[in-house]
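Engineer: Residue numbers (the UniProt record's numbering): 1 to 360.
Derived by calculation from the structure, the hints in this document are not laboratory data. Think of the CB as a built atom: it goes at the ideal place given N, C-alpha and C, for glycine as much as any other residue. Watch out, some of these pointers could steer you wrong.
What the hints assert, rightly or not - Quick list of simulated restraints, FRET-style, between CB atoms:
1. S244 <-> D300: 28 to 36 angstroms
2. R358 <-> N5: 16 to 24 angstroms
3. Q258 <-> R358: 21 to 29 angstroms
Stated by the list, open to error - Keeping only pairs whose Cα atoms sit at most 20 angstroms apart, straight-line, the calculated SDA-like set for lysine to any residue is:
4. K49 <-> V348
5. K37 <-> L13
6. K238 <-> T257
7. K304 <-> E314
8. K156 <-> S275
9. K81 <-> S275
10. K37 <-> L119
11. K199 <-> D315
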Amino acid sequence: MHSTNQQKSLAILQSKGPYTLINTPIPRPEKGEVLVKVQGAALNHLDWKLRYSPIDLFPFPLHTGSDGAGTVLKVGEGVSKIKEGDRILFQGWFDAKRNSFQEYAVVNENLCAKIPNSLSLLEAAAISLPLITAAFGLSLQYPAQPTPTIAAKDFKFPPRGGAGLKPFWEPDTRDAYAGQPIVVLGGSSSVGQSIQIAKYLGFSPIITTASPRHSQHLISIGATNVVDRELSEDAIQKALPESSSLSLIFDAVSCATQAHVDLLSPGGKFITVGSIPSTITFTEGRSGIVTYGAAQYYSDVGEKLFARLEELLEDGIIQRLNIEKLEGGLESIPDGLKRLQQGAVSSVKLVTDPSETRRS
């Protein structure tokens, strides 16, 4: 740790402003928290979108970066599940203490998981937000009741939720939905981890849309049918068994259309990670639900998922994502986010190691 008790941190100093590398104090872990040397940070679309967030959503300077991994350096009072030297992955929050776009962060011991030896720190850093978004989208009730941590207690958000399925991390849920079809739009995105969850829960067929070049990978993680994303919704309909009733579509890339919604049987649910256009209508009991993958905001559910995550990774129920490492530590993040914003990243998670940031 730096003798000056100062660290490099990436922040947005004003609305729509650029990311700027600044010096901030190295945070101290409080009760129930640990201090982590951040050695892996993942980039998400949410990070660049928050640059344009309303000023009353988060204060400026704004610290983004929710997903990270690293080595525990100190533990706070009352910490019993994590010890110094442990490698952990975590989902943080958008403040100066808990974000992953910095060299050191404090982490709630209940919102992190030990990393199996089979995963590198960079691979582990890519897991949290995609997995939590997929898991919450499938398992939260609607509307979900927020149970925010202290960090997120002042955060206000419109009603969010999920499909209300049995949480896959709970005992005796394997094959709970055996033989029921599901459609995942955008399966090659990181939130396409919903395919892995659907496979564990027994859904079949698991039909996903993606570029054909990703078909082999998607089938390897559980998809039964990969439909070219450029084809019409009729191609999805043809992949469904004639006698089946489609009750669930998971939109992992925010691409909702009326034709997608109309694939649902009466009473079916359309879950999306983005917004639903106001022009789309839901009839015959169909519903559209926007989900939100923030363990800090739905902490009661997030803690239960993190408690099982090490085991889920060790058993291969949740598999690693393909990653691309950006060289240069924190200084590499702005260009990486620009690539995400331009749609120039496909089927990989961009990650970097903040500990490699150049010190001046």
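Engineer: Between the alpha carbons of K37 and L119, is the straight-line distance 20 angstroms or under?
Structural biologist: 17 angstroms, holds
Engineer: Regarding R358 and N5, is the given constraint of 16 to 24 angstroms on their beta-carbon distance met?
Structural biologist: At roughly 19 angstroms between Cβ atoms, N5 and R358 fall inside 16 to 24 angstroms, so the hint holds.
Engineer: Within a Cα-Cα threshold of 20 angstroms, do K81 and S275 meet the stated pairing?
Structural biologist: 37 angstroms, violated
Engineer: Measuring from beta carbon to beta carbon, are S244 and D300 in 28 to 36 angstroms?
Structural biologist: 34 angstroms, holds
Engineer: CA of K156 to CA of S275, is that 20 angstroms or under?
Structural biologist: 17 angstroms, holds
Engineer: Does the alpha-carbon distance linking K304 and E314 stay inside the 20 angstroms limit?
Structural biologist: Roughly 17 angstroms between the alpha carbons, so the hint for K304 and E314 holds.
Engineer: Can the restraint linking K49 and V348 be considered satisfied, given a maximum Cα separation of 20 angstroms?
Structural biologist: 19 angstroms, holds
Engineer: Between K37 and L13, is the straight-line Cα distance small enough, at 20 angstroms or below?
Structural biologist: 24 angstroms, violated
Engineer: Checking one constraint from the list: CA of K199 to CA of D315, max 20 angstroms. Satisfied?
Structural biologist: Given that 20 angstroms is the threshold and the Cα spacing comes to 14 angstroms, the pair holds.
Engineer: Given the proposed pairing of K238 with T257, does the C-alpha separation stay at or below 20 angstroms?
Structural biologist: 18 angstroms, holds
Engineer: Against the range 21 to 29 angstroms, how does the distance between the Cβ atoms of Q258 and R358 compare: consistent or not?
Structural biologist: 50 angstroms, violated
The structure does not agree with the numbered hints 3, 5, 9 stated previously, though it agrees with the rest.
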